[in-house]
Structure formats: C-alpha cells, structure tokens
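A.B. asks: My request is simple: use the sequences and hints to build the entire structure.
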Amino acid sequence: MKERIQLCLRNLARHGWRTRIILLIALFGAFLTFVSENLLEDVSLKQSDMFGRSFAGHFRILNRNIETKNTFGFYHYEPEEMLEPDEIASVKQYLAGLPEVSGSQERIVFSGLLYGADDAEKGFQGIAMDMGAYNQELRDLYYAKGSEVQRGEAASCAASWAEYGKNKIVDVGQRYVFLLPNREGEFVDRFVTVKGGIDYRTMPRDVMGMGSMFFDLDGFRSLVGYSKPLASEVVGFLRDARTASKVLPRIDAWLKQSHPRLKVVSWREYAPIFAEIVLGFDVMMRAVEAILIAICVLLVIKLTTFSIIERYSEIGTMRALGFSRADIAFQFSLEGFLIIAAGTLAGFLLGSAVIGFFHVTGIRNSLTFFAWVIGNGFTPGFHEDKVVAVGLIFLAVAVLAPLLPALQGSRLSILKTLEKR
Amino acid sequence: MNGITIKGLSKDYHLGKTVVRALKGVDLDIKSGSFACVAGPSGSGKTTLLNMIGLIDTPSGGSVRIAGEDIQTLSEQSRTRYRSRTLGFIFQSFNLLPVLDVFENIHLPLILHRELSREEKEGRVMELVRAVGLEEHIRHKPFELSGGQRQRVAIARALVTHPLIVLADEPTANLDSATGTEVLDLMERINAERGTTFIFSSHDPGIMKRAARVIRLHDGEVEAA
Chain A
3 MKERIQLCLR
13 NLARHGWRTR
23 IILLIALFGA
33 FLTFVSENLL
43 EDVSLKQSDM
53 FGRSFAGHFR
63 ILNRNIETKN
73 TFGFYHYEPE
83 EMLEPDEIAS
93 VKQYLAGLPE
103 VSGSQERIVF
113 SGLLYGADDA
123 EKGFQGIAMD
133 MGAYNQELRD
143 LYYAKGSEVQ
153 RGEAASCAAS
163 WAEYGKNKIV
173 DVGQRYVFLL
183 PNREGEFVDR
193 FVTVKGGIDY
203 RTMPRDVMGM
213 GSMFFDLDGF
223 RSLVGYSKPL
233 ASEVVGFLRD
243 ARTASKVLPR
253 IDAWLKQSHP
263 RLKVVSWREY
273 APIFAEIVLG
283 FDVMMRAVEA
293 ILIAICVLLV
303 IKLTTFSIIE
313 RYSEIGTMRA
323 LGFSRADIAF
333 QFSLEGFLII
343 AAGTLAGFLL
353 GSAVIGFFHV
363 TGIRNSLTFF
373 AWVIGNGFTP
383 GFHEDKVVAV
393 GLIFLAVAVL
403 APLLPALQGS
413 RLSILKTLEK
423 R
Chain B
86 MNGITIKGLS
96 KDYHLGKTVV
106 RALKGVDLDI
116 KSGSFACVAG
126 PSGSGKTTLL
136 NMIGLIDTPS
146 GGSVRIAGED
156 IQTLSEQSRT
166 RYRSRTLGFI
176 FQSFNLLPVL
186 DVFENIHLPL
196 ILHRELSREE
206 KEGRVMELVR
216 AVGLEEHIRH
226 KPFELSGGQR
236 QRVAIARALV
246 THPLIVLADE
256 PTANLDSATG
266 TEVLDLMERI
276 NAERGTTFIF
286 SSHDPGIMKR
296 AARVIRLHDG
306 EVEAA
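For the protein sequence lines, the chains are A and B, in the order given. To convert, count from 1 in the first sequence and add 2; that's my numbering. To convert, count from 1 in the second sequence and add 85; that's my numbering.
Fair warning: there could be bad hints in the mix.
What the hints assert, rightly or not - Lysine to aspartate or glutamate pairs mimicking EDC-like chemistry, simulated, CA-CA at most 16 angstroms apart:
(1) Lys4/A / Glu306/B
(2) Lys71/A / Asp284/A
(3) Lys230/A / Glu102/A
(4) Lys4/A / Glu204/B
(5) Lys92/B / Asp112/B
(6) Lys92/B / Glu306/B
(7) Lys206/B / Glu5/A
(8) Lys109/B / Asp304/B
(9) Lys248/A / Glu102/A
(10) Lys226/B / Glu200/B
(11) Lys109/B / Asp97/B
(12) Lys4/A / Asp304/B
Unchecked claim - A few chain A residues that don't get close to chain B, going by computed Cβ distances all over 12 angstroms:
(13) Leu11
(14) Arg16
(15) Glu82
(16) Glu86
(17) Ser92
(18) Asp220
(19) Tyr228
(20) Lys230
(21) Thr419
Claimed, not checked - Distance windows between CB atoms, simulated:
(22) Gly153/B / Ser415/A: 25 to 33 angstroms
(23) Leu300/A / Ala263/B: 47 to 55 angstroms
(24) Gly218/B / Glu421/A: 26 to 34 angstroms
(25) Ile293/A / Val105/B: 48 to 56 angstroms
(26) Glu421/A / Gly93/B: 24 to 32 angstroms
(27) Leu402/A / Thr143/B: 51 to 59 angstroms
(28) Ile223/B / Met3/A: 34 to 42 angstroms
(29) Glu161/B / Pro101/A: 56 to 64 angstroms
Bear in mind the hints are in silico, worked out from the structure with no lab data behind them. Ideal placement from N, C-alpha and C gives every residue a C-beta, glycine not left out.
C.D. replies: Here it is in structure tokens:
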C-alpha cells in the first residue's frame, strides 16, 4: 500500500496544476459546506428560538370548528367556542409534561378599541413594554403623543417600563402608553389592534426590539365582562421549531381522546409565509451546497479523465507488467481520493478556524431585513452531527468522483493503450 | 514441455469493411531457454505474434500453449496473473514511468508480489541494477538517462519478477548500433546465466545474427524457423 501511495503522490506532483485545482475545489467545497452546515444549524436553532416563541415554533390549541388557515392568528370565533377554565388547566398541564414544549399560555384573540376613556375604571390596566434594549429603527411603533421612535432613543422609551415598574400599572391614556399605527401607517390616537393575552417576556428582544411586554389579561376579561376566565386558545412553544411535525400529531391524538372539541394548529397553517421563509432559506443554502458539491464532483471526474488520457501508455505498460484492471482502477481512484481527502481536510481546518473565530466574537446583525432570519445575531458553534454528515458527504465524493473515470481507464484495451504515445 | 507451442495461430483486424490478416495460421515450437529472434519486414506480423504470446491481444484462431497450458483459454484474472508471474516485457520505446526513478521503475512489478518481503524485493532490484550497470544512476529519473540506459532499466524491470519468458518488441530500434549491441549483449548474458527464454523482434540483420534461432515472418506466415 505504501508503494501505491508513493506512486500516487509522484503522479499528483507531476500533474501539479491539475492537482492544485482539485485540491482547491475540494478545499473550497468542504470549507463552504462545513461552515454553512454548522451555521445553518445555528440559524435554525436561532429561528426556533426567535420564531418558536413568536411565530414559527408555536402552535395553538383551540376549538376544532374554527378556521385558521392564512389568518395569521386573527381568526373569528364565537364566545361559546372559547376554552373553559378546566380545559385550559388540563391542556397546560399536559403540555408541561412534554419535553419538546418549553411553555404554554392561554390568550384571548381580539381586535378592537382599547384605551377608551373608561378602560381603567372597568379594570383594564393596559399594556407596557420594556424598551430598555430598544435599538432598532422600528417605524411602526409610536410613542404616545410623540413622534416616531428613532434609533438610539431607548432611554426615552425605557421610561414607560420604569413607570410601569413602580406599581405594575400603566395609566391608560396617559403619557406612557404606546400605540401602533393602522394598516395605512397613520398614527391613530387611542386605537390599536393587538393580539392580547400573551406574555411577551417569552419573546426575545431580537424580534421585537423590546425586552418584555405586559398585557393585563384579567383586566381585559373584566373589561369585556367575561364571567369566567375563558381563553380563545392555549399557545404552546416548541424548544425547536423543527420538531413540530413529530410533536403536534401526538398532541392532536391526546386532544381527540381527552378534549374532542379541541384541535392543535401549527403556525404553518395560519402563517404559511413564515414556513416558506424558513424553508426557502434552508432550500437556498442546501441548493448552494448541492451545486458546490456537484461542481466539485464534475471537475474531479473531468480532471481525472484528463489524467487518464495523458497516461494511456502508462496504463498499457502497467497492464502488461501484470497489473489487473482492479489495480489500475484502484491506482487512479486512490490518486483522486488522496487529493480530495487532503482538500477536504484543509477545508475542514479552515472552516473550523472560521467557526471558532465567530464562536468567540459572535455574529452581529444590524440590518432590519436579516432580523427576520437571525435577529441581532447569534453565536455559532460546532455541531457533531453536521461535522460527521459533511465528512461523510465528502468521503463519498472522494471515493465516488474519481471512481467512474478510473473504471473507464481500467477497461481500456492493453493493445490500444500501448499504441498511444 | 516447458516451451511455447503455437498451432494455427491467426489474427484478423477489421478496418471498416477491410479485413487485414496479420497472422495466417502460424505453427511454432520455441524451446525453454531459447534466444529467438522474430524477424521480418514491417507489417509481417512480428509485433502481433509477440502480443499473442504476451496475452496483450487475442487471436482470431489457433492456440498458444506455454508449458503445456493453453493461455488463450485463461480467465481475465489468470491472464493478468500470467503476465505478472510468467512473462516479462521490453518495449521499443522503453515505457518507463516518468515519475519513478531507476530503482522504483525496476521495483514497479514487484508491487504485485506480496509474497516477497521488502528486503527480498530490494535485493532483487539491486542485483539487477548491478547486472545492468546502473548503480550510479539508481536515483535518476528516465529523462536523466540515455536511450541505452533507459532500455537497460526496462530489461531489469522485465527480469525482476524472474519470468520464464521475456518478450521484447524491437528492443534496439530506438538505439544507435553500439548501444543496441550493448543491450543485446546484456540480454544474451542473462539468457545464458539464468536460462530465461528471450523472444525479441527485429528487422535489423545485425541483430538477427546474434539470435540462436531466427523465426522469419512474411505477410503473417512463417517463412523459415
């Protein structure tokens, strides 16, 4: 074996430019695949972390009759279709026992007028947000009776949270109430459409630009005159959004048995655009990787074929000296394998250095567009399963890519190869 | 019989609609330990005959028996093994591997001989390096050698597996006459010392004179043997 490897190395050295090209292709391909697979995993986890608590990774348990497709959570229901307190308690208890579920909350879906002059008198304490970490240009958020919130105005926004912190009450209609614009982007005083009931402390500040948000659910119930603590739904949060397809059927099976009038709905149903964003990102990255690997394989095949054509006479000589077809195929495959393996190893080392560097520094993002994907940034790390998977892919490339031309070379007639000079 | 017995050997090449009959029913007996020259003008079938004996080409008819065994009936695996164990080849253009030095080129066929230890292999190579007088060039690559030196390397490579038969297709054709004579001297000496059968082709009358037996081919038929 040592002699064969030695022969391979000599031949690789002879075809210097070709060897370097294959080495660089393998290096580049392995590096990008290694880095992107590890980063992709971190991005996926980040998305699960972000969307899992806001959009992508959460699911809803609600009345089976309610149509939720493409509603983005703003669906219509009748009061009798709300969850009863015992149903809420039972569902929350069940979800607490699932390891894939990080938490759950009941909530009321509503759209309507808030902050009426008599809200406080009716017991609704309003909402408050922690703007201490606010650092984005979030133009759809307005400060009451003021102008648009600009980047760097965290201090002024934080005042509302400080005020709330004093006695956990925000004076409705007063200085520290935040308002959202309507669909036309106009600032409409005292009118807001929000999804109520959720404790936005579960939502990372990366997404909303705020640390937490308080919604007075009990106060709202009192305001609208519910006699019992009903809820439109129970929202569950997945630790990893990618586990939805495994966890949700289990929950649905349990609901059919324990609460037949309830169903579980994935975010994919009522907000498919988010599923498409996540899927599109994954597909895009995987397509880039697949193209890279395909280019790598095709170039290796092409360059190995050139090597074989150049060395026809050598193949004939070796066959005449007693080397079998398998020996010839093995020899050329080994050459291809060694060079791709070396390139892959170099690509892995370079990729490890890059991931290691970003592991220390973290990846920061200040672009609003990418905030939908990675928020303010994340800290990449190494993922054993991804490292093994990329390693196996390139091992397969190293074994299979040179094999086809090597087999073709080994099947050449001795006579014809000896005739080629 | 340990020699080569050829009966009714024929070879047809099909070039489009034309059939070229390179060998037309050749019958030959070549004894073990012979120093035989296959002679004849270009196109007489010399190389084709050597290719048939060397299992490089397959005949259209007839048989070649070496030590009583019909080598044409062997499987692909057995043919490969036969080339490795029984036959040695010397080519007109030397056919050395350019990336290997003298020692490595001679050593090349021994890669397949796993039954030999590293010391045994090195011993065989060094013995032949001395026999062909290339001790001083042992680490030289083929491009650093003269034509005669390259052919001596090729002879050593053909002998390193201790074959019964060495086939040499016009081994002196690319050499000047003095170097050609040197190469032939070497082949003759090894034939005498080791009893290895040498069958070489040539159309040079000077070379033919050196052979113990001359097999004359003309238009694919044996004219005189």
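A.B. asks: A separate judgement is required for each hint: does it hold in the structure or not?
C.D. replies: Consistency of the hints with the structure:
no., hint, result
1, Lys4/A / Glu306/B, "47 angstroms, violated"
2, Lys71/A / Asp284/A, "23 angstroms, violated"
3, Lys230/A / Glu102/A, "30 angstroms, violated"
4, Lys4/A / Glu204/B, "15 angstroms, holds"
5, Lys92/B / Asp112/B, "4 angstroms, holds"
6, Lys92/B / Glu306/B, "12 angstroms, holds"
7, Lys206/B / Glu5/A, "12 angstroms, holds"
8, Lys109/B / Asp304/B, "8 angstroms, holds"
9, Lys248/A / Glu102/A, "10 angstroms, holds"
10, Lys226/B / Glu200/B, "28 angstroms, violated"
11, Lys109/B / Asp97/B, "8 angstroms, holds"
12, Lys4/A / Asp304/B, "48 angstroms, violated"
13, Leu11, "9 angstroms, violated"
14, Arg16, "5 angstroms, violated"
15, Glu82, "83 angstroms, holds"
16, Glu86, "80 angstroms, holds"
17, Ser92, "73 angstroms, holds"
18, Asp220, "84 angstroms, holds"
19, Tyr228, "87 angstroms, holds"
20, Lys230, "86 angstroms, holds"
21, Thr419, "10 angstroms, violated"
22, Gly153/B / Ser415/A: 25 to 33 angstroms, "28 angstroms, holds"
23, Leu300/A / Ala263/B: 47 to 55 angstroms, "52 angstroms, holds"
24, Gly218/B / Glu421/A: 26 to 34 angstroms, "31 angstroms, holds"
25, Ile293/A / Val105/B: 48 to 56 angstroms, "50 angstroms, holds"
26, Glu421/A / Gly93/B: 24 to 32 angstroms, "26 angstroms, holds"
27, Leu402/A / Thr143/B: 51 to 59 angstroms, "32 angstroms, violated"
28, Ile223/B / Met3/A: 34 to 42 angstroms, "23 angstroms, violated"
29, Glu161/B / Pro101/A: 56 to 64 angstroms, "60 angstroms, holds"
In this structure, the hints that do not hold are numbers 1, 2, 3, 10, 12, 13, 14, 21, 27, 28, in rising order.
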